[in-house]
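Engineer: Sequence:
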Amino acid sequence: MTDTSTQALQSVVTSVLEETVQDWDLEIEGGIGAETTLIEDLEFESIDVVQFCVAIEQKLGRKGLPFEKLFIQDGAYVDDVSVTDVVGFLQEELQAA
268 MTDTSTQALQ
278 SVVTSVLEET
288 VQDWDLEIEG
298 GIGAETTLIE
308 DLEFESIDVV
318 QFCVAIEQKL
328 GRKGLPFEKL
338 FIQDGAYVDD
348 VSVTDVVGFL
358 QEELQAA
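My numbering numbers the first residue of the sequence shown as 268 and each following residue consecutively.
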């Protein structure tokens, strides 16, 4: 994937999240959007986060993205991340490559 625009990356992230939770019994008012969070809104567990990261790498055709920059800050795990957070991280990493 070469398009690193906010819209393109948000579409990829949203698509992966929708595929991940499609069989879960969740009621997400308005669907998955920019402010949707992985832990609070989508009820992700740690294994879900790992699977999400792998799926994003596969969709983008990039291995080894440093997701620890997104999920760990100041030596501690962050409480939650939103779709916007993920998109910002991906833009930063893909444009730096």
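Don't read these hints as lab results, they were simulated from the structure.
Certain hints may be false.
In the DMTMM-like style, the derived pairs of lysine to aspartate or glutamate whose C-alpha atoms are separated by at most 25 Å in a straight line are [claimed, not checked]: (1) K326 with D315; (2) K326 with D308; (3) K336 with D290; (4) K326 with D341; (5) K336 with E359; (6) K326 with E285; (7) K326 with E310; (8) K330 with E296; (9) K330 with E294; (10) K330 with E286; (11) K330 with D315.
Engineer: Take the hints in turn and mark each one as holding or not.
Structural biologist: How the hints compare with the structure:
| no. | hint | result |
| --- | --- | --- |
| 1 | K326 with D315 | 16 Å, holds |
| 2 | K326 with D308 | 23 Å, holds |
| 3 | K336 with D290 | 29 Å, violated |
| 4 | K326 with D341 | 29 Å, violated |
| 5 | K336 with E359 | 11 Å, holds |
| 6 | K326 with E285 | 13 Å, holds |
| 7 | K326 with E310 | 22 Å, holds |
| 8 | K330 with E296 | 33 Å, violated |
| 9 | K330 with E294 | 32 Å, violated |
| 10 | K330 with E286 | 20 Å, holds |
| 11 | K330 with D315 | 18 Å, holds |
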